[in-house]
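If you want the building blocks of each chain, they are given just below.
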Amino acid sequence: MRIGVVTFPGSLDDRDAARAVRVAGGEAVELWHGDADLHGVDAVVLPGGFSYGDYLRCGAIARFAPVMGPLVDAANGGLPVLGICNGFQVLCESHLLPGALVRNDSLHFVCRDQRLRIESTTTPWTSEYTVGQEIVVPLKNGEGGYVASEAVLDELEGEGRVVARYLELNPNGSRRDIAGISNARGNVVGLMPHPEHAVEALTGPTTDGLGFFTSILKGLVEA
Amino acid sequence: MARVVVDVMLKPEILDPQGKAVEGALARLGLAGVTSVRQGKSFDLEIDGAVDEARLAQIHELAGSLLSNPVIEDYVIREVTA
Numbered sequence: 001m002r003i004g005v006v007t008f009p010g011s012l013d014d015r016d017a018a019r020a021v022r023v024a025g026g027e028a029v030e031l032w033h034g035d036a037d038l039h040g041v042d043a044v045v046l047p048g049g050f051s052y053g054d055y056l057r058c059g060a061i062a063r064f065a066p067v068m069g070p071l072v073d074a075a076n077g078g079l080p081v082l083g084i085c086n087g088f089q090v091l092c093e094s095h096l097l098p099g100a101l102v103r104n105d106s107l108h109f110v111c112r113d114q115r116l117r118i119e120s121t122t123t124p125w126t127s128e129y130t131v132g133q134e135i136v137v138p139l140k141n142g143e144g145g146y147v148a149s150e151a152v153l154d155e156l157e158g159e160g161r162v163v164a165r166y167l168e169l170n171p172n173g174s175r176r177d178i179a180g181i182s183n184a185r186g187n188v189v190g191l192m193p194h195p196e197h198a199v200e201a202l203t204g205p206t207t208d209g210l211g212f213f214t215s216i217l218k219g220l221v222e223a
Numbered sequence: 224m225a226r227v228v229v230d231v232m233l234k235p236e237i238l239d240p241q242g243k244a245v246e247g248a249l250a251r252l253g254l255a256g257v258t259s260v261r262q263g264k265s266f267d268l269e270i271d272g273a274v275d276e277a278r279l280a281q282i283h284e285l286a287g288s289l290l291s292n293p294v295i296e297d298y299v300i301r302e303v304t305a
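Heads up: the protein sequence lines correspond to chains H and W, in order.
So that you can map any letter, position 51 of the first sequence is 51 in our numbering, and since no number is skipped, the others follow by simple counting.
So that you can map any letter, position 61 of the second sequence is 284 in our numbering, and since no number is skipped, the others follow by simple counting.
Because the hints were derived from the structure by calculation, they are not lab data.
Please note: incorrect hints may appear among the correct ones.
Said to hold, decoys possible - 27 Å max Cα-Cα, derived DSSO-like pairs, lysine-lysine:
hint	chain 1	residue 1	chain 2	residue 2
1	W	Lys264	W	Lys243
2	W	Lys243	H	Lys140
3	H	Lys140	W	Lys264
4	W	Lys234	W	Lys264
5	H	Lys140	W	Lys234
If we strip away everything but chain H, and leave its shape as in the complex, we get:
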């Protein structure tokens, strides 16, 4: 199973995302922001970092990168896509996910091991978790406050599209403690914390993040 990881100018966590795919047993395929197609991958990860220096707005310029054309079409057609941190911001700017990420309410960049509750296991990225499962993965962002209109927030909650929620502490002022959401179909997931940094005991606080990558690989094998 081949999982593409897109590198934009300024991406930081593409290597870790690719490594997480390999640790989970998949083949990681490097995708370049200038690529005109997706090289036939079975799913795509948009990694964390500071694409285009976060200039203008986080993810605003990456959204118009050449690779995003085929990616948006494929995502609308059901291709599984996981956007982590900056990748979540790119997905919101691309309108594949509703809402937006704004500057942390504290005005501080926050870097911590964050406890989360997995709230939806119906997405291809979370099927290996159990509903209500608590995990701890790193979180590091300056503009991670999830905002959307009350109507959109109600819709997300009503349709079970809140994928993960912050526990113990809301690190960035996200509405309703939302750490991650999915689109209506469930194939596109955006997540502010970093599961790809928690896949090995040597380098992560836990291995709790591995489930995102084993979920997608298992789902693809069974499909």
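Guided by the hints, dock chain W onto chain H, whose structure is given.
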């Protein structure tokens, strides 16, 4: 050479922590009575040739997609000098 200025501001209902920080600094520096500060962005576009209706429509489209995110921001085209 035409000049078009696009101002982008966070929507009123979106919390603006940067504006709040500036508000606090203004008070600390002795400016009394400031009840709110909102921080926005301004884009100065210098454009060769005239800005006709078609071009202005194009600028409106990009002001609403690239320069601002309509989920959290409003834009106004403040000034057009031919």
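Hint check:
no.	hint	in the structure
1	Lys264(W) / Lys243(W)	holds, 16 Å
2	Lys243(W) / Lys140(H)	holds, 23 Å
3	Lys140(H) / Lys264(W)	holds, 25 Å
4	Lys234(W) / Lys264(W)	holds, 13 Å
5	Lys140(H) / Lys234(W)	holds, 26 Å
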